[in-house]
Amino acid sequence: MNTTRRGGTGDVATATDGAPRKRRLVGIDAARGLALIGLMAIHLLPAWNEQTGEASWSWRLFSGHSAALFALLAGVGLALGSGARQPREGRALTADRVSVLVRALLIVTVGMTVNAAMPEDPPAYNILFYYGMFFILAIPFLHARPKTLFIWAAAFGILSPLLMQRMLDVLPEWWYYNPTLPNVLSNPAGTLSQLLLTGNYPALPYMTYLLVGMGLGRLDLRAVRTQVRLVIVGVALTVLAQLVSAVLLYGLGGYSVLQEASRLSESTLDEILVWGTDSLPTDTGWWLAITTPHSNTPLAIATSLGLSLAVLGVFLLISQKIGDWLVPLSAMGSMTLTLYSAHLLALSLELHYDSPYLWYVVHLLVAAAFAVIWQRTLGQGPLERVVAYCAKGTRRLVAGRGGNANPEKTRNS
Numbered sequence: 151m152n153t154t155r156r157g158g159t160g161d162v163a164t165a166t167d168g169a170p171r172k173r174r175l176v177g178i179d180a181a182r183g184l185a186l187i188g189l190m191a192i193h194l195l196p197a198w199n200e201q202t203g204e205a206s207w208s209w210r211l212f213s214g215h216s217a218a219l220f221a222l223l224a225g226v227g228l229a230l231g232s233g234a235r236q237p238r239e240g241r242a243l244t245a246d247r248v249s250v251l252v253r254a255l256l257i258v259t260v261g262m263t264v265n266a267a268m269p270e271d272p273p274a275y276n277i278l279f280y281y282g283m284f285f286i287l288a289i290p291f292l293h294a295r296p297k298t299l300f301i302w303a304a305a306f307g308i309l310s311p312l313l314m315q316r317m318l319d320v321l322p323e324w325w326y327y328n329p330t331l332p333n334v335l336s337n338p339a340g341t342l343s344q345l346l347l348t349g350n351y352p353a354l355p356y357m358t359y360l361l362v363g364m365g366l367g368r369l370d371l372r373a374v375r376t377q378v379r380l381v382i383v384g385v386a387l388t389v390l391a392q393l394v395s396a397v398l399l400y401g402l403g404g405y406s407v408l409q410e411a412s413r414l415s416e417s418t419l420d421e422i423l424v425w426g427t428d429s430l431p432t433d434t435g436w437w438l439a440i441t442t443p444h445s446n447t448p449l450a451i452a453t454s455l456g457l458s459l460a461v462l463g464v465f466l467l468i469s470q471k472i473g474d475w476l477v478p479l480s481a482m483g484s485m486t487l488t489l490y491s492a493h494l495l496a497l498s499l500e501l502h503y504d505s506p507y508l509w510y511v512v513h514l515l516v517a518a519a520f521a522v523i524w525q526r527t528l529g530q531g532p533l534e535r536v537v538a539y540c541a542k543g544t545r546r547l548v549a550g551r552g553g554n555a556n557p558e559k560t561r562n563s
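Okay, so the sequence shown: first residue is 151 according to our numbering, each after it adds one.
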């Protein structure tokens, strides 16, 4: 869902200033390709096993986590595109900010256009509408260093869920899962609430992933030491979040409090802890101790963040040894805006319900084949090319024909 040039450096979202680039970090694209595969699985495959009634493997693996990985990688791309380890300053920074704003608006436009083609009761929730808001909220942080970004990420991860739960009963309601422009104009307050706190991918909690990704993009992601640390920290964070949740719920009585406060049966509460609810209940603060996908509690965010860090670290490590084997995955990851939009448009035909596994394979094979062939013949994905052209043109207008007063700061590291 980002933009690049063939032969560019680093992330798919970074090549907007025309400066020289190092060889592409294939592991980033491959990780994004996996995130796309995960979203397709959630949209197409059954969420539960019909024989056992238990959550399916696809739900357990990807629900909530694929979107978090997308947001993390978006942050990496924003950092790589704004100077990488040397954040830009002055006019060049202003140009970066305007360029990111243009990209955000274009992504929102694509998202609402896709939404217009989808049925009112959609087969999937479109993240693009929220994705643009992620970018807009990231603009003030484009100059920041890793430590600052990580501190802000922690603040968003802790405070946003608290704000979400405290304000849920007073915030204006939204009416459509996948808003179009007329929907936005008819209910602007509800749409803003949806984008920031109450929607399927609320921007304020998701800023945790984005800002951590930006912080990572300011580090040396080519260093093996950094890659190993990503895996270790990611696994540790995931395990710690799950452990803390278990202690709070089952060791300190949180489960009983939830049952009493919500007046739910044990079986119903257990279902909520697996599947979640449309919105986080507000009858007790103990709901913030759960790690259910899309609940956007601090511990749920920490779980998804940890998994995302580990996945990125693993792909960065293995891409150095088996990069050629990752070509289908990395090609898909290099044009996720195009492939994700096409995937949603295909879902809008509603042909997949009777044969979900077959259609999942079809979506994967078509996406992989298209991505590999297109990348090898034409480079950028079609929508990525349009976004890159507009963003790069805007950046040059703001920065001037020279593009940057300090060329060294345009090179990713």
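By construction, these hints were calculated from the structure, which means they are not laboratory data.
Glycine is no exception: its CB is placed at the ideal position from the N, C-alpha and C atoms.
Be careful, since some hints might not be right.
[To be verified] What follows is a list of derived Cβ distance ranges for each label pair: (1) L419 / V383: 24 to 34 Å; (2) P332 / R372: 42 to 52 Å; (3) V320 / T259: 51 to 61 Å.
The hints, checked one at a time:
1. For L419 and V383, the hinted distance range of 24 to 34 Å is satisfied, since their beta carbons lie about 32 Å from each other.
2. Take P332 and R372: their Cβ atoms lie about 46 Å apart, and the range 42 to 52 Å holds.
3. Evaluation of the 51 to 61 Å hint for V320 and T259 yields a failure: the beta carbon distance comes to about 31 Å.
Hint 3 alone, counting from the list given before, is not met by this structure.
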